[in-house]
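Visitor: If you read the sequences in order, they're chains A and B. Going by the numbering used here, 387 is the number at position 387 of the first sequence; the sequence numbering is gapless. Going by the numbering used here, 350 is the number at position 350 of the second sequence; the sequence numbering is gapless.
Heads up, some of the hints might be wrong.
[As the list claims (entries may be wrong)] Pair ranges (Cβ atoms, derived):
{"#": "1", "chain 1": "A", "residue 1": "V212", "chain 2": "B", "residue 2": "G156", "range": "55 to 61 Å"}
{"#": "2", "chain 1": "B", "residue 1": "D107", "chain 2": "A", "residue 2": "L70", "range": "36 to 42 Å"}
{"#": "3", "chain 1": "A", "residue 1": "A370", "chain 2": "B", "residue 2": "P205", "range": "30 to 36 Å"}
{"#": "4", "chain 1": "A", "residue 1": "Q67", "chain 2": "B", "residue 2": "A292", "range": "19 to 25 Å"}
{"#": "5", "chain 1": "B", "residue 1": "D401", "chain 2": "A", "residue 2": "G34", "range": "57 to 63 Å"}
{"#": "6", "chain 1": "A", "residue 1": "P254", "chain 2": "B", "residue 2": "D107", "range": "47 to 53 Å"}
{"#": "7", "chain 1": "A", "residue 1": "G21", "chain 2": "B", "residue 2": "D401", "range": "48 to 54 Å"}
{"#": "8", "chain 1": "B", "residue 1": "H140", "chain 2": "A", "residue 2": "P235", "range": "21 to 27 Å"}
{"#": "9", "chain 1": "A", "residue 1": "K109", "chain 2": "B", "residue 2": "D107", "range": "34 to 40 Å"}
{"#": "10", "chain 1": "B", "residue 1": "G156", "chain 2": "A", "residue 2": "R19", "range": "45 to 51 Å"}
{"#": "11", "chain 1": "B", "residue 1": "A292", "chain 2": "A", "residue 2": "F203", "range": "40 to 46 Å"}
{"#": "12", "chain 1": "A", "residue 1": "V22", "chain 2": "B", "residue 2": "G142", "range": "36 to 42 Å"}
{"#": "13", "chain 1": "A", "residue 1": "D229", "chain 2": "B", "residue 2": "T367", "range": "36 to 42 Å"}
{"#": "14", "chain 1": "B", "residue 1": "D288", "chain 2": "A", "residue 2": "R125", "range": "39 to 45 Å"}
[Claimed, not checked] What the simulated footprint calls covered on chain B by chain A, stretch by stretch (three residues with Cβ under 8 Å from a Cβ of chain A suffice, anywhere in the stretch; the number is not a length):
{"#": "15", "region": "89–101"}
{"#": "16", "region": "173–180"}
{"#": "17", "region": "275–289"}
{"#": "18", "region": "327–337"}
In case anyone wonders, no lab produced these hints; they're calculated from the structure. Note that the coordinates shown come from a computational prediction; the quantities given were computed from them, not determined experimentally. Idealized CB from N, CA, C, for every residue including glycine.
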Amino acid sequence: MLRRATFGPRADEVDRAERVGVDATVAALLAPAGDDAGAARTPAPTLPFVPAVPATGDPAKIQRARQQVLDQQRTATLWWLDRMTQADHQLPEKLTFFWHGHWATSVEKVRDAGLMVLQQQTLRRLGGGDFGVLVKAMLRDPALIIWLDGQTNANTAPNENLARELMELFTLGIGNYTETDVREGARALTGWGMSRALQKSMFDPKRHDGGVKTILGRTGSFDADGFADILLAQPVNAEFLTARLWLRYASAQPLPDDVRSRLAAAYRARRNITDLLRALLTDPAFADTRGQLVKQPVEWAVGAMRQLGIRPRALSDKQQRQLLQDLEQLGQVPFAPPNVGGWPSGAAWLTTSAIQVKLRMADALAAQAAPATIAALAAVPAAQRPEALARLLVVDAFTDRTRAVLAKSAGNVRQLIALGLASPEYAVM
Amino acid sequence: MDTLTRRRFLIASGVVGGAALAAGATAYTLHDILATAGDRPSDPDTRTLVLVTLYGGNDGLNTVIPYADPAYHTARPELAYKPEEVLRLDNSLGLNPGMTGFKRLYDAGRLAIVRGVGYPKPEHSHFRSMDIWQTGQPDHPGSTGWLGRWLDATGGDPRHAVSFEPVLPPVLAGATTAGAAVPPRSNATTAVPAGFGRTAPGEPPLQARAARAYADLVEVDAMVTHLPPTPAPGGSAAASGKAAPKPASAAPRSPVAAQFDLVARCVEAGVATRVFSVSLGGFDLHADEKEAQQQQLTELDAAVTEFVERMGRSEAGRDVVVAIYSEFGRRVRANASQGTDHGTASDLFVLGTPVRGGLYGAQPSLTDLDDGDLKFTTDFRDVYATLLDGVLGTDPARILDGWSGQVNGLLL
Chain A
1 MLRRATFGPR ADEVDRAERV GVDATVAALL APAGDDAGAA RTPAPTLPFV PAVPATGDPA
61 KIQRARQQVL DQQRTATLWW LDRMTQADHQ LPEKLTFFWH GHWATSVEKV RDAGLMVLQQ
121 QTLRRLGGGD FGVLVKAMLR DPALIIWLDG QTNANTAPNE NLARELMELF TLGIGNYTET
181 DVREGARALT GWGMSRALQK SMFDPKRHDG GVKTILGRTG SFDADGFADI LLAQPVNAEF
241 LTARLWLRYA SAQPLPDDVR SRLAAAYRAR RNITDLLRAL LTDPAFADTR GQLVKQPVEW
301 AVGAMRQLGI RPRALSDKQQ RQLLQDLEQL GQVPFAPPNV GGWPSGAAWL TTSAIQVKLR
361 MADALAAQAA PATIAALAAV PAAQRPEALA RLLVVDAFTD RTRAVLAKSA GNVRQLIALG
421 LASPEYAVM
Chain B
1 MDTLTRRRFL IASGVVGGAA LAAGATAYTL HDILATAGDR PSDPDTRTLV LVTLYGGNDG
61 LNTVIPYADP AYHTARPELA YKPEEVLRLD NSLGLNPGMT GFKRLYDAGR LAIVRGVGYP
121 KPEHSHFRSM DIWQTGQPDH PGSTGWLGRW LDATGGDPRH AVSFEPVLPP VLAGATTAGA
181 AVPPRSNATT AVPAGFGRTA PGEPPLQARA ARAYADLVEV DAMVTHLPPT PAPGGSAAAS
241 GKAAPKPASA APRSPVAAQF DLVARCVEAG VATRVFSVSL GGFDLHADEK EAQQQQLTEL
301 DAAVTEFVER MGRSEAGRDV VVAIYSEFGR RVRANASQGT DHGTASDLFV LGTPVRGGLY
361 GAQPSLTDLD DGDLKFTTDF RDVYATLLDG VLGTDPARIL DGWSGQVNGL LL
């Protein structure tokens, strides 16, 4: 449970959970007590508006403008990675990353890291509450509007991008709406645009199509919120969200019908995400999903950094660049999902290419591990170090296959750690 | 170029025969690569497929442009190319102005354009439609890619289907086996713990898959280590023995060009790989489409043309067929954002020496539409079947749930 609900638990967190039991652990994860000192240590960066890179003109000026955009992007990404490792309230932090993959918006098109951080903050603030509130906030989110071309959606010939993905990927799932619903929904969303300079979304009634629309069998002169209400009232919304959370928190295997019904019912009562997550983490079927999730690259790297006592912010400039480059080669950089469908899951991550990058990263992470981590492992007799490593990395048990490889490196603590991070056991959770 | 590298290059490009393999210890590293060619049937008809996926839904109507059709200009006045702007193929169709290389290949008879390619009951979702294309199963997209099933059916060696993308594309995933994703940059500085490559009894399936990826890596490593460098353009390099190393100041290659470069080096080295997957994203242009799409097509055109022309210069390369597709075309009518929304049928490109250039399939009507979308005229499985039969030498029916239609005359 801790492996799924957090970015990679530390041994002391596992010990504490064992001590207080399942119920208290779930309660503490879902409603963490007290202030989050880790989050306070890592305040979101304020990134001022940067004008668009000019297409023509002085090359030096263009280069500077481009550099400024990229620098902001890098600042934002490193900040988030730092926050993931530092936050004490791990469940809401991980849930924010889940929502980022759900409302998958990329800075590559938005081109304004400040707006991406703003969206991240919205997901952090509203991600655990009423899903309807989140949907309506996202329909006004500047980054999402730019990402799905909402700012150009006018009554004269609506742009269907946002309306389609809202139904297909964010609320209902494919097969639960028609092409006519897409076209009618796009009309309801007209009028919303944004001002880049103000970093704000705005509604322009002149560009809104106030006429009568028929969406999913309901007829009326719906606007964006009216459209959202129709979607939220669809019974399938609960099943859809249940499946999405199950895929990232439990298993890539098909969700059994009885589990789906139980979890959907828990959500439906208040349309509340924390209710759904509580039901998921405590469902009897959840315990049977051990080993059925492949760690996404960010989960793998952040988990390792948490366990080894590494803080992205404390790395050298060169190490930070390498970290971002390696994540990019693994195919997952926060704020830059490949498309609006978010990142892949499961075996898609288990490639020969990924292994090469992970081997290199594992070496680097082992080299960066906090001296206390290294000293603690070095203090264990060599023969018992694989056990101690499993405890450090919160792996249930290494197989004989992996133990044979580890045994050969037991004398070299950093090498041992690197092998543990690269092991097949550490690839799944 | 140092002697050693040059020797590798010469061996790889087939200029000198097998005798050179005995030339020295380092050549044996290359021998490892060439040894993978042992799995290849010696049949000269055995060809290599390079499948190019354009993610996002490329606007076919602004790629192969029906410039003479008034309906084209009426439907998208802001987006349409004027007749004098297109690269004319005949008196009704022309290529996007960014595709000068494709025009040259078309004129040389090495580019085939299959028009109106789609499938019944078209899906407008990127993800579902891409699933359909990658699985080859429009009725019920399953969990295996059509080339993954081909891999299953032909022995399942991951080296036979290779992708240079960071994440394995579903098209290469079979039921029991999967192709290999090879990192685009060769920087294998870390020793591979080969011991991880054995699966352990009773471990969860995904953990076992992670272990198998280690075994695959060991094999792929042996194949791609010490690939020869890219020869200078011009083609005479091998013959004159003056292949110059690329200057350090050379402009960085675009990601898609870098993928093609690796494919070219593998083909020239004679590796066992029969299928390569290459991809380019960024075609989902709902707004301000015209300039952005032209840029995308220019990048594609440059990378593909360089590759196809380079392939024409070696024996192994002349067996290579490139096929380019996207998950759908776009709506005939433009939207108010100077872009287009998700559509249906589109053009599919097939290129290479074994290709009989020209136009295939019927041009879809711009006025007889299905709710604003083009009606498809060629089922994409006809193209797949043609490639399976004519490039991979496999019975298409086995891979495509009994499908038997083909695009007649497409391949020589």
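Visitor: If a hint holds in the structure, say so; if it does not, say that too.
Guide: Against the structure, the hints:
no. : hint                        : verdict
1   : A:V212 x B:G156: 55 to 61 Å : 57 Å, holds
2   : B:D107 x A:L70: 36 to 42 Å  : 41 Å, holds
3   : A:A370 x B:P205: 30 to 36 Å : 34 Å, holds
4   : A:Q67 x B:A292: 19 to 25 Å  : 22 Å, holds
5   : B:D401 x A:G34: 57 to 63 Å  : 58 Å, holds
6   : A:P254 x B:D107: 47 to 53 Å : 52 Å, holds
7   : A:G21 x B:D401: 48 to 54 Å  : 52 Å, holds
8   : B:H140 x A:P235: 21 to 27 Å : 24 Å, holds
9   : A:K109 x B:D107: 34 to 40 Å : 36 Å, holds
10  : B:G156 x A:R19: 45 to 51 Å  : 48 Å, holds
11  : B:A292 x A:F203: 40 to 46 Å : 27 Å, violated
12  : A:V22 x B:G142: 36 to 42 Å  : 38 Å, holds
13  : A:D229 x B:T367: 36 to 42 Å : 39 Å, holds
14  : B:D288 x A:R125: 39 to 45 Å : 32 Å, violated
15  : 89–101                      : violated (count 0)
16  : 173–180                     : holds (count 3)
17  : 275–289                     : holds (count 5)
18  : 327–337                     : holds (count 5)
In summary, the numbered hints that this structure violates are 11, 14, 15.
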